[in-house]
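Peer 1: Take the given structure of chain G and dock chains X and F with the ligand to it, following the hints.
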Amino acid sequence: MTAPGLLTALLYGCVLAAAVSSGNAEAAAPWNLQPAASRLAADIHDLHEWVMILVTVIFVGVFGFMFWAVYAHRKSVGHKAAHFHENTTVEIIWTVIPLIILVVIAWPVTKTVIAQKDTSNADITIKVTGYQWKWGYDYIKGEGEGISFISTLSTPRDQIEGRAPKGEHYLLEVDNELVVPIGKKVRVLTTAADVIHSWWVPVFGAKQDAIPGFIRDIWFKADKTGTFRSQCAELCGKDHGFMPVVVRVVSAEDYTKWVAEQKKLAAASADDPNKSYTLDELKARGEKVYAANCVACHQATGKGAPPAFPPLDGSKVVNGPKNDQIALELNGKPGTAMAAFDKQLNDVELAAVITFTRNAWGNKTGEAIQPSEVKALRK
Amino acid sequence: MEAAHAEGAFTGQAHDLSLLLKRNCSISPSGLWRVFVLIALVTLGIGAGFACFGAWLILPFAGVELLVLAAAFLVVGRHATDCERIEFAAGRVRVEVRDSERTAVHEFDLSRAQVVLGEGGGGIRVWLRARDAQLEIGRHLDEQSRAGLATELRRRLHGKWDGERKT
Amino acid sequence: MSAVIDSHGQAHDHHGGGYGGIMRWITTTNHKDIGTLYLWFSFIMFMTGGAMAMVIRAELFEPGLQFVNPDFFNQLTTMHGLIMVFGAIMPAFVGFANWQIPMMIGAPDMAFARMNNWSFWLLPFAASMLMLSFFMPGGAPGVGWTLYAPLTVQMGMGMDLTIFAIHLLGMSSIMGSINIITTILNMRAPGMTLMRMPLFCWTWLITAYMLLAAMPVFAGAVTMTLTDRHFGTSFFNAAGGGDPVLYQHIFWFFGHPEVYIIALPAFGVISQVIPAFSRKPLFGYASMVYATSAIAILSFMVWAHHMYTVGMPVTGQLFFMYATMLIAAPTGVKVFNWVATMWRGSLSFETPMLFACGFLFLFTLGGFTGLVLALVPVDIQLQDTYYVVAHFHYVMVAGALFSAFAGIYFWLPKWTGRMYDETLGKWHFWLSMIFFNMIFFVQHFLGLAGMPRRIPDYPLMFETWNKISSIGAFGFGLTQLLFLYIVLKAIRSGEKAPQRPWEGADSIDWTMIPTPAPYHTFETPPVIK
Ligand SMILES: [Cu+2]
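Top to bottom, those sequences are chains G, X and F. Its first residue numbered 7, the first sequence is counted upward by one per residue in this note's numbering. Its first residue numbered 149, the second sequence is counted upward by one per residue in this note's numbering. Its first residue numbered 35, the third sequence is counted upward by one per residue in this note's numbering.
Derived pair list, reagent style DSS-like, types lysine-lysine, alpha-carbon separation capped at 30 angstroms:
1. F/563 - X/170
2. F/523 - G/81
3. G/370 - G/328
4. F/460 - G/86
5. F/563 - G/86
6. G/81 - F/460
Listed next, with one range per pair, are the computed distances between beta-carbon atoms:
7. X/223 - G/95: 44 to 50 angstroms
8. G/106 - X/185: 33 to 39 angstroms
9. G/96 - F/537: 22 to 28 angstroms
10. F/324 - X/251: 37 to 43 angstroms
11. F/162 - G/162: 37 to 43 angstroms
12. F/350 - X/219: 37 to 43 angstroms
13. X/252 - F/61: 31 to 37 angstroms
14. X/223 - G/125: 55 to 61 angstroms
15. G/96 - X/251: 50 to 56 angstroms
Calculated from the structure, these hints are not laboratory results. None of these values were measured; they are calculated from a predicted model. We treat Cβ as the ideally placed atom computed from N, Cα and C, and that holds for glycine.
Okay, chain G solo, but in the shape it has when bound (with noise of 0.2 angstroms):
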């Protein structure tokens, strides 16, 4: 054989060279699932690592055999061929066995998938819904009922583009977390609003497809306080890597006060829909709902990534009737990306955008769109 040893210097070297050129000195290299911090996960841990050895026994056991053959077999070595070719007893044996093996494995992993499966007695039900490409959380039922938000990624774009040196939670922060208590059932019912997309938190062991138009569920229930974090795992299109999941677990008394601090500021920043507010009250607006909506397609620049985004900045509907861009911003545009908004904005985050993308850039129709315009074409 030629030079195995120059061939795993080779090797080495390749992986030190990586090693060393990993900018981030510090970042471990985790190679085995994250620590649960559910008993279901923690069930899955151990699933996988009793599969794991099982499969690593038999791996070794029918390589055994063949390197000892590789080795003792060798023409090289002057081993002469024999010429049985079949062997009835040992085939039956070995189709056998491993069917044995395969119930053995079967037996425990049926207990742990009923187990997953059952979402009933829920403590506290969330409504999750995947948008392109943010997430949509709803407290339906049990101690947080009506809270409401919506949860984007907060990492800034100079960090992605290389601008800016990257933070620690690098793609995995958001404006808003997931707040839920420890020591709760929580159900969780995943949809969506557009394309299929996953939620997923790895240390609950919980994965589960966002479907439009229909609803799944789930359940976890977290036994550690902390803030855990993943990613959206179906590819839902452009910025599908953009979308962090967040969820933060407190002990009962501070899930108690969240709540209540949001009940207060969701009572403080009601928008009143049938307020009047002036031009500059709802460009201001208008820009900071811009940056959290529509920003990953149209971009900051208004000139969007046609043919797929659009440019805003120019655009025939931007600076046509008033009333034909707030009937597309509320019911999006079939067949393309652009998602309806009815459900994901109120009237006065959707008047304030609108007002924002006609008077921003080289758009100047210096025209206010008032929330009473937006809720009149509310369908």
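Peer 2: Showing chains X and F with the ligand alone in chain G's frame:
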């Protein structure tokens, strides 16, 4: 080019000969039919199953596929039993030709029969010719075998004399 | 006494109806020419899909967006998958089938020589259409090779071109399958019973059957996608009464058998190579045939194991889990048989055998991660992560691609009459082996630690493994240029191959046909005793 295959056996007296010239077909038309049914059942079953759940657009594709398959198997199966049987007996050459469903029998007087070679599409072609009729033979053979057949037949036609002289 | 009319199938020197140059290749109906065309086409596609993989791995070399935008990244992953599966791997094995099946069963050519020509020439059109989709407004579809609804509805014209290309590929596959089935059933030489055929022919017979069952399903799936996009149907649109998950059921009903459509002919090649270099007959021929059939049948009953996270009833999850685990049994039988074939043989390790052993080792590893993924709770953790990416590349690259390399080194002397450079061949193997594991072994870690697949940028903790994986990928890509050089060198100036360069190879293509195989073989069927 067709796979060709010829087999034959001497029957009875030394100068009698029976030759069977046929294509090489390793499956019978009925076997082909069974394979078709097996494929059709599975393919249509899958299509119908999905149609039950609303995805009926699979069935038309399954149908088109089976039409193509049926056409292919028909082309093969129709001519799978084609053959020519050439028999030398009692001073006559008897040629039985099976072409898909039809069977035709031609007889030639051995003393008048002649083997004629000619060039045509696909190389050398062989005819048996008597005064009033001629018949192409060896159509299922490739060029070499056809040449071999011609030589063999000429030897046979000639060999009758040899045989008579010896006995 | 018998008077079989005998003739010797001698070489004719007229090629392809008398045309020369390019017209010879366009009009050829000769199975050997068409086999060659398939193999070169496959290699070009392999390089194209490989180049896309290089860009993907370059982007993933470090966190942040460096080379491509997320949209284009998705287009690349989609086209990489489609091109590798339908353009590179499948045509490679159809190429083997064209060359080898007639020579292995004693037939002069394929049953429908003209149709064989059409089957091939659809492929370049389909491939051009796939590539053309990059230049459409909106670019190529960025939906993944699985083409999940309803994301497909958001795509531009590139999606329609892709659907059309898939139809062409499907037509090609169906015509190819009809040809292979008819050839194997009807054109075996006298004495070549089904149970005496080389195992490669058996695996292709079963594969062709699977293609006929699976292809209309895929054609239907993409057509329904097309009508949902343009003609107002709602097969997969919940707003119109359809169901996006139905698409996944249909796709994977095709998609899982597709995995075995690729794997079975690979098993066939390995089953020719291992006995030849063990100088010992294949162990358990009959059980190999039964195991192959069992795998084929089971593969139609496990599709939803790709969909554990869509939320099916617990009974559904359990059924598909048990059925999937069951596939381990016949697959195990195959692995045991191969090892038993080597056991007490007289082994030598020329390049084809090295690739076969590499296949055996790594494919089994991929099989075991498949077993891990079959378990619903574990799969729910690993679904749509790099663990899955690692798993199916062990099956597709170390499985199918390595066995294709084994096949090419094994049969190259028969096809060209010349030997490849053994030293370089061994380098090709060892470099492929090392770089392959560098790319994909570490991806298991990434998946376990929680890195989703199909993302152009990733959190910082995944950086080290991604760097190693990318370096491995560049190495693997360069190594394949060495492969091209080896093949070209063999064709142009390789040593003349002896009649039987592998003393243990005993199928009739080695024992009854001169090396190199003349343009026409077995015009008169041999009699197999
Ligand atoms: Cu998503």
